[in-house]
Every structure is written in C-alpha cells, then in structure tokens.
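As you go down the protein sequences, you meet chains A and B in turn.
Under our numbering, the residues of the first sequence are numbered 34 to 182, in order.
Under our numbering, the residues of the second sequence are numbered 10 to 162, in order.
In case anyone wonders, no lab produced these hints; they're calculated from the structure.
Accuracy of the hints is not assured; some may be wrong.
Unchecked claim - Just the calculated beta-carbon pair ranges, DEER-fashion: (1) Gly136/B / Arg166/A: 50 to 60 Å; (2) Arg93/B / Pro57/A: 14 to 24 Å; (3) Arg80/B / Pro152/A: 34 to 44 Å; (4) Ser114/A / Ser21/B: 17 to 27 Å; (5) Thr90/B / Ala65/A: 23 to 33 Å; (6) Val161/B / Ser103/A: 30 to 40 Å; (7) Glu76/B / Pro57/A: 35 to 45 Å; (8) Glu80/A / Arg159/B: 54 to 64 Å; (9) Leu89/A / Thr154/B: 32 to 42 Å; (10) Val12/B / Arg175/A: 17 to 27 Å; (11) Arg112/B / Thr94/A: 15 to 25 Å.
Source: prediction; values computed, not measured.
The beta-carbon is built from N, C-alpha and C at its ideal position, and this holds for glycine as well.
These are the residues of each chain, in order.
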Amino acid sequence: MISCTEFIPAYSEMFCFLEDEGGPEAVRAFWAYLSDNFLGNLRQLVEEHGLRGCWLYWSHTLNEEAADFSMELDEDAGEFSITMHHCPSKGRLLEYAHLAPYHNYCGHCDLLYRRVLEPLGYAYDIDLSGCHRAQCKLTVRRPSAPDPA
Amino acid sequence: MPVMHRSASDNSYLHKDFNGALSTGIEYLHRTYGAEAVRRYLWQFATHWYAPLTEALRQRGLVALQEHFERIYALEGGRITITRTEDELVLHVEACPAVMHMRQQGYPVTELFCETSRTVNEAICAGTPYAAELLDYDAETGRSTTRFYRRVA
C-alpha cells in the first residue's frame with residue numbers, strides 16, 4: 034500500500050512519468066482529467082454555497098494536509114483568498130534528498146481549480162512566484178467584485 | 010468576515026482523500042496508456058521513493074520491511090498481522106485502509122489498485138536478496154496476503 038502520507042511523491046512522480054511519455058501536454062491532459070473526475074466536491078460546494086463553498090472545501094483539505102496558511106472569505110466584497118505560508122506538498126518535495134520533484138509541480142494548482150471555478154463564473158488567480166519557497170497566493174472573486182489592483 | 014490562520018503544527022498530516030486521487034491517477038494511466046504503463050509508473054515511483062527502504066532491506070533484512078509496514082498501517086488505521094523468520098515475512102492485511110476509505114467516501118477504486126501493493130512491493134525488493142509475491146487480494150476490501158522471501162541463490 035502506498036500510504037496517503039506518501040501520495041505527494043507518488044503524484045510528482047506521475048507527472049514525471051507522463052512528461053516522459055508525452056511531454057508537458059500529457060501532464061496537462063492528466064490534470065484536466067483529474068479536475069473533471071476528482072474535484073466534484075469543490076464544484077458541488079461552490080454551486081451550492083457560492084464563494085463560501087471555497088471556504089468549506091479548503092477548510093477540510095488544508096487542515097488534513099496540515100498546511101501553514103491564512104484563509105479569508107469576504108462575501109460582501111465577493112472575494113476568497115488563501116495565503117499559503119508553507120505548502121505541505123511542495124514543502125515536502127523540496128525537503129526530500131532522494132527524489133527530484135516534477136519541475137512544474139505547482140502548475141497543477143493553477144489548472145485543476147481554474148477548470149472548476151471559471152466555468153462557474155468566478156475569476157481565479159494564483160500567484161506561484163514564491164513556489165520555490167513553498168509559498169503561493171490563491172484568490173477567487175465573484176465577477177462583480179472590484180479588482181483591488 | 011471569516012478568517013482562518015493555521016500552522017502546520019496545528020494538525021496531523023493525514024489527508025485520506027489522497028487515496029482517491031491516486032486511484033483516479035492510476036485509472037487515467039490505465040485508460041490512456043494501458044495496464045503495462047501503470048506497472049511501469051508504479052515501478053519507477055517505488056524504485057525512486059522507496060530507495061532508502063530498499064537499502065535498509067539490503068542492509069538489515071526483513072525487519073526493515075516489518076518496521077515500514079507497521080508504521081504506515083498504524084498511521085492509516087489498518088489492521089495487519091506479520092509473521093517473520095530470518096528468510097521470510099508474511100504480511101496479512103485484514104482490510105486495506107486506503108480501499109476502505111475510498112469505499113466509504115464513494116470514490117471509485119480502480120481495477121488496477123492492487124498494483125499499488127503487488128508492483129510496489131516487487132520494486133522495493135528489486136536489487137536485494139529478497140522477492141515479493143502477492144498471494145491473494147480481495148478487490149472489494151483490499152484484504153491481502155503478501156509473502157516476502159529470500160531468493161534462491
């Protein structure tokens with residue numbers, strides 16, 4: 034059995050395997066499949082609860098993943114955000130001395146969630162510029178929400 | 010406005026839904042690239058990820074495997090029985106906690122999920138004096154028996 038605590042290296046190695054098989058496009062095709070077939074609970078929560086569905090979804094996953102994060106939901110402003118101070122997945126991959134992580138590991142967080150949220154009418158943004166330090170910032174906005182920039 | 014701050018130390022690292030993501034990934038490989046690709050992927054993963062365990066098996070023998078299985082099944086809440094002699098270790102899993110979690114949560118368990126035991130255990134033993142053999146496997150519960158034994162020289 035591969036323990037769920039060993040999933041992240043298994044996931045990263047799957048990306049490496051797929052890229053060897055068919056290049057980066059093969060990896061993105063898998064991410065699209067995973068988004069369509071594994072994130073039904075996020076889709077359902079957002080359809081049912083709106084932005085609060087994001088809060089409900091990530092409250093569960095990030096706590097079980099023992100992430101170091103701050104999460105905010107401002108329903109009046111129509112904005113949900115996660116500031117990831119230390120991502121447990123990327124953080125682990127950076128620590129492993131005997132396993133090289135997939136070079137675009139964090140790219141899956143862009144494609145998987147964008148593919149669920151944008152068709153539901155939300156604007157999705159993720160800043161991966163700090164991912165080499167296991168940091169990122171994810172923002173989901175209702176279309177009517179003013180862009181703070 | 011709801012705000013949540015969490016540090017890594019606030020929670021234990023145990024996200025069992027990852028088992029469902031792994032099953033989905035194996036299903037995708039199977040459908041897109043075939044069963045042999047699933048085995049090649051799992052072999053590649055296991056030889057990379059478990060390299061320290063394989064080295065421990067080479068250096069310390071079957072007790073290294075026993076410690077590994079006791080640790081991961083305790084983490085996941087799985088009931089196992091291990092019998093070990095100098096040249097043989099038999100691992101009996103009463104119900105695979107990964108499979109049981111997926112069944113409880115309604116995640117599909119892919120047809121080749123058994124390879125996460127068979128292929129992975131064979132790969133862990135590669136290059137050591139030992140071999141692994143999956144003796145039985147129940148796809149519904151993941152109940153299984155695996156025998157690790159010293160190869161005949």
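Do the hints match the structure? See the list:
{"no.": "1", "hint": "Gly136/B / Arg166/A: 50 to 60 Å", "result": "violated (36 Å)"}
{"no.": "2", "hint": "Arg93/B / Pro57/A: 14 to 24 Å", "result": "violated (45 Å)"}
{"no.": "3", "hint": "Arg80/B / Pro152/A: 34 to 44 Å", "result": "holds (42 Å)"}
{"no.": "4", "hint": "Ser114/A / Ser21/B: 17 to 27 Å", "result": "holds (25 Å)"}
{"no.": "5", "hint": "Thr90/B / Ala65/A: 23 to 33 Å", "result": "violated (42 Å)"}
{"no.": "6", "hint": "Val161/B / Ser103/A: 30 to 40 Å", "result": "violated (59 Å)"}
{"no.": "7", "hint": "Glu76/B / Pro57/A: 35 to 45 Å", "result": "holds (39 Å)"}
{"no.": "8", "hint": "Glu80/A / Arg159/B: 54 to 64 Å", "result": "holds (56 Å)"}
{"no.": "9", "hint": "Leu89/A / Thr154/B: 32 to 42 Å", "result": "holds (41 Å)"}
{"no.": "10", "hint": "Val12/B / Arg175/A: 17 to 27 Å", "result": "holds (18 Å)"}
{"no.": "11", "hint": "Arg112/B / Thr94/A: 15 to 25 Å", "result": "holds (20 Å)"}
Comparing the model with each earlier hint shows violations of hints 1, 2, 5, 6; every other hint is respected.
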